[in-house]
Amino acid sequence: MRQHDNKQEPLWWTKNITYVTYMVREGSSLLIGVYALFSILYILLFYTPLETLAKWAHPAFDPLYKVIAMIGLAGAIIHSITWLAVMPTILPLKMPKAAQYFITLCLIGLWLAGSYYLSKTLYYSCFNY
Amino acid sequence: MSKNIKIEIKLYNPETEQISWREFSVPTSAANTILDALDYIKNNGYPSLAYRSSCRMGLCGSCAAIVNGKHVLMCHTFCRDQKQPIKIEPLKNFPIIKDLITDTDDVMNKFRSVMPYTEIQKRHLSKIGETVQTTKQRKKIEQSSQCIKCLLCYSACPVFGHNKEFIGPAAATLAYRYSADSHDKIGSKRIESITGDEGIYKCTFVGECSKVCPKNVDPASTLQRLKVMGVLNSFKKIIE
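Chains as they are written, first to last, in the working numbering: chain A, 1 to 129; chain U, 1 to 240.
Please note that a few of the clues may not be correct.
[What the hints assert, rightly or not] Computed cross-link-like contacts, BS3-like style, restricted to lysine-lysine with a CA-CA straight-line distance of at most 30 angstroms:
#1 Lys149(U) - Lys189(U)
#2 Lys215(U) - Lys15(A)
#3 Lys3(U) - Lys7(A)
Don't read these hints as lab results, they were simulated from the structure.
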């Protein structure tokens, strides 16, 4: 007599919406990773002693960098929103769904305001846009 | 007034090692739960059906199963609320012994490993030997004390499904319940027992454990709090 090994199915994450959201959240970090790696490569190229290579590498002139930046941005947006959406579920309070959505919306609002402030003070001032 | 409903149960025969689905027709009324339906099947033509149950009032956690894809306590789930045919499966991520009965020994050992008891500090003892705890102190552990160890959270946890060594939601909740208890003096020893390689840091915050918990214990939140306690404990150890 043997026990049945009740293994996790390969497509377990398709079984409910929480699992799908989780996989999207984790997958979106890969997009941010691609952007981060590409940025590091560009910074290295930008500071290369070879002048022509440095010019070519300048992100503002390279459309490929813009595409990668867009991919990174999409990843960051998906990752942030899916994280913020899961936050109300860990509050030690029993709340109706409407209250949970409201908290998520407030968190998204705070995140947007924070992002705007950071981009205004750090990014634009650094690059003199 | 009784109405016939169709129930499909995932059965496992340990002698033939075969998994099969079998359909049953059960007369039920509006007041009948899934557990009542299983009792009817067992007492009327299929006596070998194996499942666990005890209190029948959502306190013992024995009758946890998956009904129509949802993690539930069968004694708390009414047949009238389910789409037909009602599909009943055993808990996921545990070896199946027979039909709806799973082998939970591994998780029970995990519960033991987190030292689920308090060693009372002497300063908490009153003159007549009572332990003193304020309402505020009690409130801190109230939610985590509600866990009935039904193991629905383990069944819903994909991290545990992937890695059976992971300490898991309920054991972590138990560890939190005793670590946050104002009486406790085990403290950092317990935290260290759950912060190892297969400990709380393996949790990737899927959040499904809290969604399926029938007692609103919220293990996902507890795990995040334990992570903070684990980090603070590491700093404390460095300072010492």
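So, going through the hints one by one against the coordinates:
Annotation: proposed proximity of Lys149(U) to Lys189(U) holds, straight-line Cα distance about 23 angstroms (limit 30 angstroms). Of the pairs offered as hints, the one joining Lys215(U) and Lys15(A) holds, with about 23 angstroms between alpha carbons and a cut-off of 30 angstroms not exceeded. At most 30 angstroms may separate the alpha-carbon atoms for a hinted pair to count; Lys3(U) and Lys7(A) exceed this at roughly 36 angstroms.
The structure is inconsistent with hint 3 alone, although it conforms to all the rest.
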